[in-house]
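Colleague: Next come the chains, spelled out residue by residue.
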Amino acid sequence: GAGVSQSPSNKVTEKGKDVELRCDPISGHTALYWYRQSLGQGLEFLIYFQGNSAPDKSGLPSDRFSAERTGGSVSTLTIQRTQQEDSAVYLCASSWDRGNTEAFFGQGTRLTVV
Amino acid sequence: RKEVEQDPGPFNVPEGATVAFNCTYSNSASQSFFWYRQDCRKEPKLLMSVYSSGNEDGRFTAQLNRASQYISLLIRDSKLSDSATYLCVVNGEGGSNYKLTFGKGTLLTVNP
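For the protein sequence lines, the chains are S and D, in the order given. The numbering used here numbers the first residue of the first sequence as 1 and each following residue consecutively. The numbering used here numbers the first residue of the second sequence as 1001 and each following residue consecutively.
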């Protein structure tokens, strides 16, 4: 596709369940970012991929959060045993190069944990 | 000092006004700087990059002051459609040369 695609666009899940969020970056973009935005708040950095490698996972809030990227393309963010405080919009972005060029965002996945 | 700090606003201005946003960053080694715009319940989108010499795009002017670690965005002749949250973005905070760090944003409302 022409832009960054995220799925699902909305996800409602019960507390304690696992969820998987998917990101399809723009073809050819080597850098991929995951951010989280809670209602009325700024963007919180979660993790960055360069190719399939994640040199910095320090933004992941807890060990319930994990992410992977395969084939230098699709990335999946997994949240295990979801908690209500995990409710937020999860945004994925990709760019040609690490941090020096424009990052294009997907429309996000709105996660609600009930 | 926070990594990237912005005046949260909100700024409420009439149409046609000139408004300026400021942003400071903590890491003097930061390399790239951007202003993004985020409409309500939408994803952020690049407004403009910020170059050392300063740059202008129509009604928008961005400036960088490396000595003071300060970035600004000036909007002239503001339009109703300029109403949005403006995000200051810095690359290289936290010692990395890839991490894009976002400020919390400044909310602008342009009133008729």
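Please keep in mind that the hints were generated in silico from the structure rather than gathered at the bench. Check each hint, because a few of them may be wrong.
[To be verified] Calculated from the model, a selection of chain S residues having no Cβ within reach of chain D, i.e. all distances over 10 angstroms:
no.: 1; residue: S7
no.: 2; residue: V12
no.: 3; residue: E14
no.: 4; residue: V19
no.: 5; residue: E20
no.: 6; residue: Q41
no.: 7; residue: Q50
no.: 8; residue: N52
no.: 9; residue: R81
no.: 10; residue: Q84
no.: 11; residue: S87
no.: 12; residue: W96
no.: 13; residue: E102
no.: 14; residue: Q107
no.: 15; residue: G108
no.: 16; residue: V113
[As the list claims (entries may be wrong)] Derived BS3-like pairs (lysine-lysine); straight-line CA-CA distance at most 27 angstroms:
no.: 17; chain 1: D; residue 1: K1104; chain 2: S; residue 2: K11
no.: 18; chain 1: D; residue 1: K1079; chain 2: D; residue 2: K1045
no.: 19; chain 1: S; residue 1: K15; chain 2: S; residue 2: K57
no.: 20; chain 1: S; residue 1: K17; chain 2: S; residue 2: K57
no.: 21; chain 1: S; residue 1: K57; chain 2: D; residue 2: K1079
no.: 22; chain 1: D; residue 1: K1079; chain 2: D; residue 2: K1104
no.: 23; chain 1: S; residue 1: K11; chain 2: D; residue 2: K1045
no.: 24; chain 1: S; residue 1: K11; chain 2: D; residue 2: K1079
no.: 25; chain 1: D; residue 1: K1042; chain 2: S; residue 2: K15
no.: 26; chain 1: S; residue 1: K57; chain 2: D; residue 2: K1104
no.: 27; chain 1: D; residue 1: K1045; chain 2: D; residue 2: K1104
no.: 28; chain 1: S; residue 1: K11; chain 2: D; residue 2: K1042
no.: 29; chain 1: D; residue 1: K1042; chain 2: D; residue 2: K1104
no.: 30; chain 1: D; residue 1: K1079; chain 2: D; residue 2: K1042
no.: 31; chain 1: S; residue 1: K11; chain 2: S; residue 2: K57
Even glycine gets a Cβ: it sits at the ideal position worked out from N, Cα and C.
Colleague: Find the nearest Cβ of chain D to the Cβ of G108(S) and say whether that gap is larger than 10 angstroms.
Modeller: Non-interface label on G108(S) violated, nearest chain D Cβ at 6 angstroms vs cutoff 10 angstroms.
Colleague: Verify that the Cβ of E20(S) lies farther than 10 angstroms from every Cβ atom of chain D, and report whether the claim holds or is violated.
Modeller: Fine: 20 angstroms to the nearest Cβ keeps E20(S) off the interface.
Colleague: Taking the minimum C-beta separation from Q41(S) to chain D, is that value above 10 angstroms?
Modeller: Contrary to the label, Q41(S) does not stay out of reach of chain D, its closest Cβ about 7 angstroms off (not over 10 angstroms).
Colleague: Does K57(S) pair with K1104(D) here, judged by a C-alpha cut-off of 27 angstroms?
Modeller: Given that 27 angstroms is the threshold and the Cα spacing comes to 21 angstroms, the pair holds.
Colleague: Going straight from one Cα to the other, do K1079(D) and K1045(D) come out at no more than 27 angstroms?
Modeller: Holds: K1079(D) and K1045(D) sit about 18 angstroms apart, inside 27 angstroms.
Colleague: Is it true that the CA of K11(S) sits at most 27 angstroms from the CA of K1045(D)?
Modeller: holds, 23 angstroms
Colleague: Please check whether the beta-carbon of V19(S) is more than 10 angstroms away from every beta-carbon in chain D.
Modeller: At roughly 20 angstroms from the nearest Cβ of chain D, V19(S) sits farther out than 10 angstroms, so the non-interface label holds.
Colleague: Does K1104(D) pair with K11(S) here, judged by a C-alpha cut-off of 27 angstroms?
Modeller: Given pair K1104(D), K11(S) holds - Cα atoms ~25 angstroms apart, limit 27 angstroms.
Colleague: Hey, does V113(S) actually stay past 10 angstroms from chain D on C-beta?
Modeller: holds, 19 angstroms
Colleague: Check whether the Cα positions of K11(S) and K1079(D) lie no farther apart than 27 angstroms.
Modeller: violated, 35 angstroms
Colleague: For K11(S) and K57(S), compute the direct alpha-carbon distance and say whether it is at most 27 angstroms.
Modeller: Holds, at roughly 24 angstroms.
Colleague: Keeping to a limit of 27 angstroms between CA atoms, is the pair of K1079(D) and K1042(D) held or broken?
Modeller: holds, 19 angstroms
Of the numbered hints given earlier, the model fails hints 6, 7, 13, 14, 15, 21, 24; all others are met.
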